[in-house]
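Use these hints to put chain B onto chain A, whose structure you have.
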Amino acid sequence: MNDTVDVTVNGEPRAVARGATLLELLESLALDPRAVVVEHNRTIVRRPRLAAITVAPGDAIELVHFVGGG
Amino acid sequence: MTTAVETMQDIPFTIGGRSFHSRLMVGTGKYRDNDTMARAIDASGAEIVTVAVRRVDLDRTKEEGVLYHLDAKRYFLLANTAGCYTAEDAVRYARLAREAGFNEFIKLEVIGDQETLLPDVQGLLVAARTLVAEGFKVLAYTNEDLVTALRLEDAGCAAVMPLASPIGSGLGLLNPFGVRTIKRRLKVPVVVDAGVGTASDACLTMEQGVDGILMNTALAAARDPVAMARAMRWAVEAGRTAYLAGRMPKREVAMPSSTLEGMLD
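Just so you know, the sequences run in chain order A and B.
Heads up, the first sequence is in the working numbering, so the first residue is 1 and it goes up one at a time.
Heads up, the second sequence is in the working numbering, so the first residue is 1001 and it goes up one at a time.
Same shape as in the complex, but just chain A:
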């Protein structure tokens, strides 16, 4: 069995460790969970829940933050 799963993160295909949680995904990307908002298959996941959700094959994950804008 493959030890990674294929997901989409911010529109790009990415292989993530099988069984990884969203929090572990953020850690693997060196992202501070306080500095990003996570959307998992179109549903926003609040910070306390990040460690409770395991990434599954085909998941679409969006990681957003504030940038300059008018």
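I should point out that these hints are in silico values taken from the structure, not numbers from a laboratory.
Some hints could be false.
Claimed, not checked - Derived SDA-like pairs (lysine to any residue); straight-line CA-CA distance at most 25 Å:
#  : chain 1 : residue 1 : chain 2 : residue 2
1  : B       : K1073     : A       : A35
2  : B       : K1137     : A       : A35
3  : B       : K1030     : A       : V67
4  : B       : K1073     : A       : N10
5  : B       : K1073     : A       : R46
6  : B       : K1073     : A       : P48
7  : B       : K1183     : B       : L1264
8  : B       : K1073     : A       : P33
9  : B       : K1183     : B       : Y1243
10 : B       : K1137     : A       : A30
11 : B       : K1183     : B       : V1226
12 : B       : K1073     : A       : D32
13 : B       : K1073     : A       : N2
14 : B       : K1073     : B       : A1038
15 : B       : K1030     : A       : E62
16 : B       : K1137     : A       : V9
17 : B       : K1137     : B       : E1047
18 : B       : K1030     : A       : A35
19 : B       : K1137     : A       : R46
20 : B       : K1073     : A       : V67
21 : B       : K1137     : A       : A51
22 : B       : K1030     : A       : P48
23 : B       : K1183     : B       : D1120
24 : B       : K1030     : B       : L1070
Here is chain B on its own, set in the frame of chain A:
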């Protein structure tokens, strides 16, 4: 003889139950560097500062988020839905913005045309109703159409934001009558958003009696954004004060300022 100096009493600038001192709101986009942005915003005296919601750059090739350069305790962050072309997208962005945890205010944009960036007012109304129902304080970017502005107010928007001219155009206030009419007819605050190019535009806009102005490119694209921010601060204050002072009527003929009494024969 001494004359008492009376300070012009203004009503507070209140949106969605929050009061602010500055009637100038500024954006954070398109600055040549973050240091210039931070200094310009400081010089503008603005308290409300807009930001956009975008994907984190996972490769770290671009700049980090704007919050690294902006004190979120000092400024009231107003997220926008810039770049959204459907009500559905705008609602999605608004929800993500609220989740960042600063406040429930959203500057709602639903764009209808790529060239002019003019608003899709139907999509705007749909998104506004959805977001108001979810507890958002919606500041709706719209055109100078009175009927749309009235509908947005009916939908429960906290403020209506008619444009002076297209976003980033710097063309100034193209329809003073339209903006003035919206201000006269609405009970919610009217903040002119987009199109102001220089200080005289800001002053003229405030002279229409609107509650405030939001601008971004006028500062970011000025040769000296910090100096322009200072000018805009004064222009907004000048225009507001002139509005409160009440201008003299216009006349088609001259009237001497010096008395004719005591003229020599």
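Q: Measure nothing beyond the straight line between the CA atoms of B/K1137 and A/A35; if it is 25 Å or shorter, mark the hint as holding.
A: Measuring from Cα to Cα gives roughly 23 Å; hence the hint holds.
**Q.** Pair hint B/K1073 and A/V67, alpha-carbon separation not exceeding 25 Å
**A.** 17 Å, holds
Q: For the pair we were handed, B/K1137 and A/V9, check the Cα-Cα distance against 25 Å.
A: At roughly 30 Å apart (the allowed maximum being 25 Å), A/V9 and B/K1137 break the hint.
Q. Has the given pair, B/K1183 with B/L1264, been kept, meaning a C-alpha gap of at most 25 Å?
A. 50 Å, violated
Q) Holds or violated: are the alpha carbons of B/K1030 and B/L1070 at most 25 Å from each other? A) Between B/K1030 and B/L1070 the Cα gap is close to 15 Å, so the pair holds against 25 Å.
(Q) Against the 25 Å threshold, does the CA-CA distance of B/K1183 and B/Y1243 hold or violate the hint? (A) 13 Å, holds
Q. Do the alpha carbons of B/K1073 and A/P48 lie within 25 Å of each other, as the hint requires?
A. Holds. B/K1073 to A/P48 sits at ~23 Å (cutoff 25 Å).
Q | Hinted pair B/K1137 and A/R46, Cα distance within 25 Å | A | 21 Å, holds
Q: Given the hint that B/K1137 pairs with A/A30, test it: the Cα-Cα distance must not exceed 25 Å.
A: 33 Å, violated
Q. CA of B/K1073 to CA of A/P33, is that 25 Å or under?
A. 19 Å, holds
Q) Does B/K1183 pair with B/D1120 here, judged by a C-alpha cut-off of 25 Å? A) Measuring from Cα to Cα gives roughly 21 Å; hence the hint holds.
Q | Given hint A/V67 paired with B/K1030 - CA-CA distance at most 25 Å | A | 10 Å, holds
Hint compliance for this structure: hints 4, 7, 10, 11, 13, 16, 21, 22 are broken, all remaining hints hold.
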